[in-house]
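A.B. asks: What follows is the residue order along each chain.
2 protein chains.
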Amino acid sequence: MPRKLEPLEGNMLIAQSGGPTIVINQSLVGAIQEAKHHGAIHKIFGALHGIQGILDEEFINLGRESDRTLEDVAITPSSMLGSVRKKPTPEDCKQIFEVLRKYDVRYFFYIGGNDSAETTHIINQQARANRYQFRCFHICKTIDNDLRENDHTPGFGSGARFVASAFMGDNLDNRALLGVKINVVMGRHAGFLTAASALARVYPDDGPHLIYLPERAFSIPRFIADAKRVVAEHGRCVIAVSEGIADSKGTPIVSKFAAGKEVDSHGNIQLSGTGALGDLLAAEIRRRTKIKRVRADTFGYLQRSFAGVYSEVDAREAREVGRMAVRFAVREWADGSVAIKRKPGRTYQAYYVRVALSKVAKETRHMPDAYINAAGNYVTQAFIDYARPLTGPLPKIGRFKGYPVKKQ
Amino acid sequence: MPRKLEPLEGNMLIAQSGGPTIVINQSLVGAIQEAKHHGAIHKIFGALHGIQGILDEEFINLGRESDRTLEDVAITPSSMLGSVRKKPTPEDCKQIFEVLRKYDVRYFFYIGGNDSAETTHIINQQARANRYQFRCFHICKTIDNDLRENDHTPGFGSGARFVASAFMGDNLDNRALLGVKINVVMGRHAGFLTAASALARVYPDDGPHLIYLPERAFSIPRFIADAKRVVAEHGRCVIAVSEGIADSKGTPIVSKFAAGKEVDSHGNIQLSGTGALGDLLAAEIRRRTKIKRVRADTFGYLQRSFAGVYSEVDAREAREVGRMAVRFAVREWADGSVAIKRKPGRTYQAYYVRVALSKVAKETRHMPDAYINAAGNYVTQAFIDYARPLTGPLPKIGRFKGYPVKKQ
Chain A
9 MPRKLEPLEG
19 NMLIAQSGGP
29 TIVINQSLVG
39 AIQEAKHHGA
49 IHKIFGALHG
59 IQGILDEEFI
69 NLGRESDRTL
79 EDVAITPSSM
89 LGSVRKKPTP
99 EDCKQIFEVL
109 RKYDVRYFFY
119 IGGNDSAETT
129 HIINQQARAN
139 RYQFRCFHIC
149 KTIDNDLREN
159 DHTPGFGSGA
169 RFVASAFMGD
179 NLDNRALLGV
189 KINVVMGRHA
199 GFLTAASALA
209 RVYPDDGPHL
219 IYLPERAFSI
229 PRFIADAKRV
239 VAEHGRCVIA
249 VSEGIADSKG
259 TPIVSKFAAG
269 KEVDSHGNIQ
279 LSGTGALGDL
289 LAAEIRRRTK
299 IKRVRADTFG
309 YLQRSFAGVY
319 SEVDAREARE
329 VGRMAVRFAV
339 REWADGSVAI
349 KRKPGRTYQA
359 YYVRVALSKV
369 AKETRHMPDA
379 YINAAGNYVT
389 QAFIDYARPL
399 TGPLPKIGRF
409 KGYPVKKQ
Chain B
9 MPRKLEPLEG
19 NMLIAQSGGP
29 TIVINQSLVG
39 AIQEAKHHGA
49 IHKIFGALHG
59 IQGILDEEFI
69 NLGRESDRTL
79 EDVAITPSSM
89 LGSVRKKPTP
99 EDCKQIFEVL
109 RKYDVRYFFY
119 IGGNDSAETT
129 HIINQQARAN
139 RYQFRCFHIC
149 KTIDNDLREN
159 DHTPGFGSGA
169 RFVASAFMGD
179 NLDNRALLGV
189 KINVVMGRHA
199 GFLTAASALA
209 RVYPDDGPHL
219 IYLPERAFSI
229 PRFIADAKRV
239 VAEHGRCVIA
249 VSEGIADSKG
259 TPIVSKFAAG
269 KEVDSHGNIQ
279 LSGTGALGDL
289 LAAEIRRRTK
299 IKRVRADTFG
309 YLQRSFAGVY
319 SEVDAREARE
329 VGRMAVRFAV
339 REWADGSVAI
349 KRKPGRTYQA
359 YYVRVALSKV
369 AKETRHMPDA
379 YINAAGNYVT
389 QAFIDYARPL
399 TGPLPKIGRF
409 KGYPVKKQ
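Taken in order, these protein sequences are the chains called A and B.
Per the working numbering, the first sequence starts with residue 9, numbered consecutively.
Per the working numbering, the second sequence starts with residue 9, numbered consecutively.
A hint or two may mislead.
Where chains are identical, the list cannot tell them apart; a pair therefore holds if satisfied intra-copy or between any two copies.
Straight-line distance between alpha carbons at most 25 Å, and here's what the computed PhoX-like set of lysine-lysine pairs gives [to be verified]:
| id | residue 1 | residue 2 |
| --- | --- | --- |
| 1 | Lys51 | Lys409 |
| 2 | Lys44 | Lys257 |
| 3 | Lys349 | Lys370 |
| 4 | Lys51 | Lys12 |
| 5 | Lys95 | Lys300 |
| 6 | Lys415 | Lys102 |
| 7 | Lys12 | Lys414 |
The hints are simulated quantities; they were obtained by calculation from the structure and are not laboratory data.
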């Protein structure tokens, strides 16, 4: 039951954090546009590079941007205010709070994933401890789709569309030149984006033929056996692998072979921006089988920011999540995160709710068991049904009937 | 001056070879559709996996495919008949000729790059030596854009569109999270596709900031110095690198660091399908500078087959090249390759000519000097003017005006 709050008079500050997505500016623009409708919100500041921009007082005045500029920014990939990967220290929190007070910021919005929700939560607690009148919202985004409380997150539908489109083409590339093709997809702890590769399958013999997710322990001997079996059946094999696959002890496969990896202040090791995992897996297949042509690609940063490839559903929802955060903050809740839910039924329909910050902060959501097959090397129809409405209609793929010619 | 030939009665055989492109089936369908209009051409066979399918007599009857199927196949990425990387031996040539005679093939079309033109040339010489009445055409394709006699080749415009779109998004990703980003682009000997990254630049400070091509000797110390200079100026750096970059002695940079690479029967070493070069260059920057965040992506096979991202100009021209090959073969020339030329003038307009097979076979075309800057680390405006009409309009990129907020 939403509380009915009196609007609080003061300025608004908004910032973006974590990995960019292609629709993250839709949420930013949605929040700005909505804020302009509320007289209680005076100035609209944007902090550059997330909380770093708050600490450095690097603000721009977003309230002065024209509607046309806002619409142009909305369709532009990657965090327009700049991003950061930084967990605030207790010292940072004090300083951030001082800045908020100094600029009379009464509305704070932080667009990001679970690490950013945690940051929002910490800043909110600091303000509460100081009895500062303050509305504080996290606005969800992440192509990984791993935020708790959400049916799915803004950015995922577009990322899934990119991955599915890539596999559609790459499956045909592999069908033309044969051999084994491994594609490494983003996803540290959650396999949703890698699983979206299954949406590429149009004909029953299409790839991906195997999908490996961080939710299941990865075993190289099983991986080799699976690939050999598929090659024996189809004469070729297309494989989707999450960058975050780990062994039965939880050790990431890539970290077994790469010493001294980078770690950010949230404790995450660097997985993207390197082709190491794909090259390693390709080398294992070459070493342990007689399969001649083995290739690996790592989709890398393209899957979160490729210009022009986005899901219209995703873009619309990302805009709405930004709008809803401001609406909630002005009239209903002092703090929270905006979550996307899905109405039951055969026709896809989303709606938006406020959830407590503590419920989305820090911990991540994983693929439900019902979305993963028993062998742990593919997805189920339930996952396909879940993901299909989120990407928008995918490109059409044709095929010859292939009328045979009798050998002479 | 075209000769006027009498139409030759008999069957047609068409096949695809080399690296797939997203518009290679446009050429295939163009040739099939055109052939249906000529009574002299009886059956239309498609050989599976290029000359391998001729050797194995693996044919399908393309004349029976419906118009709807043909149109669906035309917009589908990657060689629908399958491809091969195989240079025929003298023994193969004899056998191919026997198959052509056995199936009364009087029209032969081979869609591919310069290696495929060479194969077409060899098969043609075999037929001539046997005084076999035969029309033999190469139909150009290659995302590398490295065919002699051509202003540009089918597949390049779409590949360039992919690369430019990727850099548009990735430049914004780098602008949000800063550091150095290296992207490795296809291009063994010719830098056209890597150069197309420059089309991504909308604002003067946009990346790519540096572009390294196979046409200029690559030096790691110069590369490091360039990157440091750009980071000092912009606080970040986006770099495009051709997979085929080589040192002053012509040794590919990737081969210096990777022993025992695969070699195909045309003598080409494997460059794509591995992240080795990008990882190597990123490691060099990390080792030799104090720049903290360094990432590398290798675009890999996505740039030639990604479903849904293609240039309409490119698709139209690819269709036309297929049609023209059949028209030339029926009435004008016994053999040749269809080349795309550009009419002089400010408005882009292409036209099609027949050139001798020997003129496009084997050797490749490089970026003209006028397209490369003096320092050898970027392209010129002349290249931008050349490439711009080939990709179709690129996605719109917005930016805030960025009205400053005074620090308090």
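A.B. asks: Okay, which hints does this one fail, numbers in order?
C.D. replies: 2 and 7
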